[in-house]
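Using the sequences and the hints, build the whole thing.
Which chain is which? The protein sequence lines are A and B, in order. With positions in the first sequence counted from 1, the corresponding number in the numbering used here is that position plus 363. With positions in the second sequence counted from 1, the corresponding number in the numbering used here is that position plus 25.
Hints in this document: simulated from the structure, not taken from any laboratory. Keep in mind it's a predicted model, so treat the numbers as computed, not measured. We put the CB at the ideal spot given by N, CA and C, even for glycine. Be aware that one or more of the hints could be misleading.
Derived DEER-like restraints, expressed as beta-carbon distance ranges [as the list claims (entries may be wrong)]:
1) B:52 to A:457: 54 to 62 Å
2) B:155 to A:423: 55 to 63 Å
3) A:406 to B:188: 26 to 34 Å
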Amino acid sequence: MSDEYRGPDGARRERDGDEPLEAVDLGALDPGTSDDLYWRRFHSEVMLAAEPALASRRASASGGATDRANGGATTLGAELLGLGRYVVPGVAVAASVAVMLLMSPSPDAGGLERALLGIDDVLMERVTGRAAELSGQSDSGLDRNTFMIALEERRR
Amino acid sequence: MSSAQAGDEIRERDRVLVEAVRGGDREAFSELVSHYQRVAYSVAFSVTGTHEEAQDAAQEAFVVALERLDECRQPERFGGWFLTIVRTRALNLDRRERLRDTEALPRGLASEVPSPEDWAERVELRSRLSEAVGELSNAQREIVLLHDLHGWKGREVAEHLGIAHGTVRAQLHAARRKLRGILREGTVEATVADPADQERVI
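Written out as structure tokens, the structure is:
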């Protein structure tokens, strides 16, 4: 007697050897015995019903692969950490500049006034030089009244 | 090949298939369905006792398993995990419209129609067997269907049900004795087969 037999699924199986009693043939309970295409239909129906879930899994898998390929962050925490790489150094630089400005000596009022006057002188010198040219006089000895007369004449 | 080697191969096969299905591999899922559809039906039938409900429960269990596949912590143990879903599904089944719809099937899948005499005989035999199996306890029903209908070995049944091999053998013995007694009392003689003669290829 063979130690193996073929089960209903077609797979070869070993007998247990000392099986209790004889088995009752329950083959009639298998829908496939009275309907030769039953299991193909069963399979087709399961696959049809499973298609949305399979598609969802495929979409998730391809999305995850894209993220990994781009080196992108996939979680909120990772996104915040990535953003922090740029924000934190910027804040540190701004704070350093602010500290340096606070620590540096402020310009005194006299210095500022001198600076402003210096600018005014430069401007006036340029303008009076131009006025002297217009009035045909040299720049030396040109006073404010002469300058204003020269402007009036030019306007006329 | 020893039973231990066969078990290892099945576990490795299931592990590979489950990992692939997690990524949405349709072919891998198709293969899993092919491997487990008969046993799923048997387990569901052992709970519901009717063909229609067993069919519904088994088909729905595949979809539920697919949706919850990430909860299967041991892919190599997919079989046991899946049959738990089948059992639960069958127990909680709300009777719904049958999923079976022959019109939705691909062309060329129409079954060969048996003669009226053959059909009547099959229906009666199935009815008798269903009644007899229905007289068994839940555990005996599941064990005898897995073992005698699907040819699972005692160790496989024990592993999937999470019980001792000796318990499976004792329950199988009791189930067979009860079945033979019930069927002898009836007018329709059911075949009493030696597993060695089982050459059914479905």
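Verification of the hints:
Judged by the Cβ atoms, the range 54 to 62 Å given for residue 52 (chain B) and residue 457 (chain A) holds: they are separated by roughly 58 Å. The supplied range of 55 to 63 Å is broken by residue 155 (chain B) and residue 423 (chain A), whose beta-carbon atoms lie about 42 Å from each other. Residue 406 (chain A) and residue 188 (chain B) have their C-beta atoms about 30 Å apart, which keeps the hinted 26 to 34 Å range intact.
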